[in-house]
Amino acid sequence: TAEEDLDRVLAANFKGVLYVCQEVARSMTTRSAPGSLITMASGAVDSASAGLLCYSVAKAAVVQLTKTLATELGPHAIR
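The working numbering applies: residue 2 is where the sequence shown begins, and numbers increase by one.
Please keep in mind that the hints were generated in silico from the structure rather than gathered at the bench. Note that the structure is a prediction, hence the values are computed from the model and not measured. It is possible that some hints are incorrect.
As the list claims (entries may be wrong) - Pair by pair, the computed Cβ-Cβ distance ranges are: (1) T72 / Y20: 14 to 22 Å; (2) R32 / A3: 20 to 28 Å; (3) A49 / A78: 33 to 41 Å; (4) A34 / L54: 35 to 43 Å; (5) D8 / P35: 34 to 42 Å.
Note that the Cβ used here is the ideal one computed from N, Cα and C, for glycine as well.
Could you build all of it, start to finish, from the sequences and the hints given here?
Right, here's the structure in full:
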């Protein structure tokens, strides 16, 4: 189903990034360790392509996650 497709694509392309970033950020802030988190998205966020809705949504979520992490973690010297 379409819902199963979305769940599968989000799990593969967004949730893993989210969970890793959460753990790394927690570790870095606990240790007061400055540094950088690097995420990777896709050009799919900048253009529409037939058949790539779920993938594009997942990668757009990664982009927004990265922007939000930057604002939340910046005060901890984490880029």
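Each hint, compared with the structure:
Hint check: T72 to Y20, Cβ distance near 20 Å, so the stated range 14 to 22 Å holds. Separated by about 43 Å at the C-beta atoms, R32 and A3 break the suggested range of 20 to 28 Å. Taking the beta carbon of each, A49 and A78 are about 37 Å apart, inside 33 to 41 Å as hinted. The hint said 35 to 43 Å for the Cβ distance between A34 and L54, and at roughly 38 Å that hint holds.
With their beta carbons about 36 Å apart, D8 and P35 fall inside the hinted range of 34 to 42 Å.
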